[in-house]
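Trainee: Listed here are the chains, written in short residue letters.
Protein chains: 2
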Amino acid sequence: MTDSYKIILDEKELPEAWYNVLPDLPEPLAPPLNPATGQPVTPDDLKPIFPESLIMQEVSQDTWIEIPSEIRDIYKIWRPSPLVRARRLEKALGTPARLYYKNEGVSPPGSHKPNTAVAQAYYNKKAGVNKLTTETGAGQWGSALSFACKLFDMHCTVYMVKISYEQKPYRKVLMHLWDGEVYPSPTDRTNAGRAILEQNPDSMGSLGIAISEAVEDAATHDDTNYALGSVLNHVLLHQTVIGLETRKQLELAEDKADIIVGCVGGGSNFGGMILPYVKDKTSGKNIEIIAIEPKSCPTLTKGLYEYDFGDTAGMTPLMLMYTLGHTFEPPGIHAGGLRYHGDAPILCNLVKNGVVSPRAYTQNPVFEAAVLFARTEGVIPAPETSHAIKGLVDEALKCKETGEEKAIVCCFSGHGHFDLSAYDDYLEGRLQDYEYPEDKIQEALKDLPKFPTGL
Amino acid sequence: MTDSYKIILDEKELPEAWYNVLPDLPEPLAPPLNPATGQPVTPDDLKPIFPESLIMQEVSQDTWIEIPSEIRDIYKIWRPSPLVRARRLEKALGTPARLYYKNEGVSPPGSHKPNTAVAQAYYNKKAGVNKLTTETGAGQWGSALSFACKLFDMHCTVYMVKISYEQKPYRKVLMHLWDGEVYPSPTDRTNAGRAILEQNPDSMGSLGIAISEAVEDAATHDDTNYALGSVLNHVLLHQTVIGLETRKQLELAEDKADIIVGCVGGGSNFGGMILPYVKDKTSGKNIEIIAIEPKSCPTLTKGLYEYDFGDTAGMTPLMLMYTLGHTFEPPGIHAGGLRYHGDAPILCNLVKNGVVSPRAYTQNPVFEAAVLFARTEGVIPAPETSHAIKGLVDEALKCKETGEEKAIVCCFSGHGHFDLSAYDDYLEGRLQDYEYPEDKIQEALKDLPKFPTGL
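Residue numbers (this note's numbering), protein chains in the order written: chain A, 1 to 455; chain B, 1 to 455.
The hints are simulated quantities; they were obtained by calculation from the structure and are not laboratory data.
Among the hints, erroneous ones may be present.
The list treats identical chains as interchangeable, and a pair is accepted whether it falls inside one copy or across any two copies.
[Claimed, not checked] Each computed DSSO-like pair below joins lysine-lysine, with the alpha-carbon atoms no more than 30 Å apart:
1. 285 to 256
2. 248 to 76
3. 406 to 131
4. 12 to 76
5. 302 to 450
6. 302 to 76
7. 125 to 91
8. 126 to 162
9. 6 to 126
10. 6 to 440
11. 131 to 91
12. 76 to 398
13. 47 to 6
14. 248 to 12
15. 398 to 12
16. 400 to 279
Since the model is a prediction, treat every value here as computed from it, not as a measurement.
All chains, full assembly: derive it from the sequences and hints.
Mentor: As structure tokens, then:
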């Protein structure tokens, strides 16, 4: 076994194809439904906002989808990303386990998000579309898409939830720096925005409203498409470079994963890491795959497996997923990227079929683990990523109890350089632990649209 | 020649020794003087605040000084750092030159500073000292030393200039995250601080005051030493890992440097990069070494080569260097790390002897180059580093004019994740260009202490 800290792959070993899990799922994925007809969505339904190449990737049954050289060229700015043996954390915990983290924080925008942002920008550019719109909450996805668009000389318009726009000025500057156009949503640029402002001129916005504005902008402009940062099949597909590289790196280290752990918001970093391991699990190999979410937004651990809308306003196709109801309003926790009411249908399929085990934590123990990580490994996890770190630490401590020498691999989805106010709140004892109350969940679930799950 | 973007060294290729330029300088380095006696400083003068091992490194005539394995082990968190071929920037500029940048921003504190912080913490720990004090302005050095101390389980006290403490809360959080104790200086913890507060209770502090407080704290506590982040010989020594790795990486790329460019505040990142190239230059090889400084603090381009104090209060030894006078008050530019009135004596010796060519720029063209860099290479330079980027761009454009296919190497000293308000000011047109006026420089130079330079 290697005695290195960082396990580095040469640029030549960057994966040449993304891995498509669709043909390997334990049961076929239920189709998204058109909310108007209740019938499965057709490619034509999606053409106003997505290029055909991405629509085809969304439903492809090919196991491998080649990564175009133009995308690989940009990936090389930060990929292959390092897999790091967390030896100092092991020592601090006194665990016999071998701990690894796959560092996706090394990308210029600081997270895994550009893995798909670059791909989506490329396929749109190739289809002759030079302008993308999107929404962003905390700003991680908006900055990744601005970055990707700039590299392809495309224009990017970001509808940023107004409260974040005002509270997180640095994320906005980051988007400006990469030439993104950022508007505090609700705006007067769209019907959706104007309708909200008419009702409430002081509205501070929501992710649901911002999605509606970005989709409307794309749907009503011929030269403009829309890009989504998580949930959809093609997004998870693009993220599989994470897990594919990790497999190679563990081989180089002469090791193999016994446990994989990651955080889940919409499921894209987690899917990217674990999808290349699904066949191991379904073919009977002894591997545990753990998805971590916040107790304040317990989609996988407390949600219902039902058809629901992807957005709050109910404009998107219906997807079969674990959901807390599309009207669910999560409390304001620092891991803004984990506050989604649903999850990627692929991931939900894997949870439903026992391939992935979900687990939930509250904020303070999560930050406690993150601070231990920063003080041993040096690197500072984003609040979202810190959920994965807490899972890593807990599994390492279990091994300490049992004496098992397991290899535990964690997806480090992004750094926390733009989230230091969250650490300040934790270190000063200002963070609230919050579990979303059972009765409020039951109430939100009442609003679920009624569609059969067995289509 | 390689077609890679990143030129990566394996951990095994981390340098095993630092390179000491002292025996190879074009003329012997003038000794620092004791301000009380005017005589060369003796090791005993320095023992109250530095461990003997570092005092010996300060005057060593050995060409190579072994890097202890404990330090190499920590370097491996982020070292060897990547040397990157800036192919997208080359294309955007249309230059025939080959552009490279050595990315020191990949360290957890985000700059080259931990290269020496880790070494200084180690040698103090080994000497039985468990507590270090230091000063910090913008916070880059304070966070690097907090990080280093935490990894050796030592205590770190940082005197942070009060105006920065209040204006840059995230750098303070970063220090807290690594368990550093941070005080807004002037404090009531030291005689120096109390004297200032008595005169002016609302004092917002200065680097000079903070140095006085940190030195007094160390000198008056037996268990405490002081650490300096630049200027001194042993600091530049520790930074030579930068240039040593760069040489190996260029060999791997089957290339060699024609021009090296870097930014200079006290001279530590610049020294670290260029010292391993000094013998090439003095032995007649055709290599150009360019030091970039701000026109608002034009030490190397406008200063006098005289003995002067290292701090504003006049408490430190006198050093022979290019100086604007220790009472010089630079205007508030965003590159806070480049606002020092003097420069490392080693670097000044090299400028005096024509090995290094200095050049100065104002802020706006520097940020223009930095934004171009971020929009082509993706990575965001710190305001200090942006000075080096401007030098890189200008040399690349010269090659475009002449058609010369030179290899130009730039030290990318740190990322700008904590400096986005500076980019905001630039993008919104709020940045002032400022040249420090000749008559104010002449005035400040009148205060220089009178000592012969030829000791």
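Trainee: Take the hints in turn and mark each one as holding or not.
Mentor: A quick look at each hint next to the structure:
In this assembly of identical chains, residue 285 and residue 256 lie within 30 Å of each other by CA distance solely inside one copy; the values are 11 Å within and 50 Å between copies. Within a single copy, residue 248 and residue 76 get their C-alpha atoms as close as 17 Å, and across copies as close as 21 Å, so both meet the 30 Å cut-off. In this homomeric assembly, residue 406 and residue 131 never come within 30 Å of each other (Cα to Cα): the closest approach is 47 Å inside a single copy and 37 Å across copies. In this assembly of identical chains, the alpha carbons of residue 12 and residue 76 lie at most 30 Å apart whether taken from the same copy (9 Å) or from different copies (23 Å).
For the homomeric pair residue 302 and residue 450, the shortest alpha-carbon distance inside one copy (19 Å) is at most 30 Å, but the shortest distance between copies (77 Å) is not. Taking the closest pair of Cα atoms, residue 302 and residue 76 never come within 30 Å of each other, the shortest separation being 39 Å inside a single copy and 42 Å across copies. For a Cα distance limit of 30 Å, the shortest separation of residue 125 from residue 91 across copies, 19 Å, qualifies, whereas the shortest one inside one copy, 48 Å, does not. When the C-alpha separation of residue 126 and residue 162 is checked against a cutoff of 30 Å, the pair qualifies neither within a copy, at 32 Å, nor between copies, at 53 Å.
Proximity of residue 6 and residue 126 under a CA criterion of 30 Å is satisfied inter-copy only: 27 Å between copies versus 36 Å inside one chain copy. Proximity of residue 6 and residue 440 under a CA criterion of 30 Å is satisfied in neither setting, with 45 Å inside one chain copy and 51 Å between copies. For a Cα distance limit of 30 Å, the shortest separation of residue 131 from residue 91 across copies, 23 Å, qualifies, whereas the shortest one inside one copy, 49 Å, does not. For the identical chains of this complex, residue 76 and residue 398 are inter-copy neighbours only, at 28 Å across copies versus 37 Å inside a copy, given an alpha-carbon limit of 30 Å.
Taking identical chains as interchangeable, the C-alpha atoms of residue 47 and residue 6 are never at most 30 Å apart, the minima being 43 Å within one chain and 38 Å between chains. Taking the shortest Cα distances, residue 248 and residue 12 sit within 30 Å of each other both inside one copy (12 Å) and across copies (20 Å). Taking CA atoms no more than 30 Å apart as the test, residue 398 paired with residue 12 passes in neither setting, with 38 Å inside one copy and 33 Å between copies. For the homomeric pair residue 400 and residue 279, the shortest alpha-carbon distance inside one copy (29 Å) is at most 30 Å, but the shortest distance between copies (53 Å) is not.
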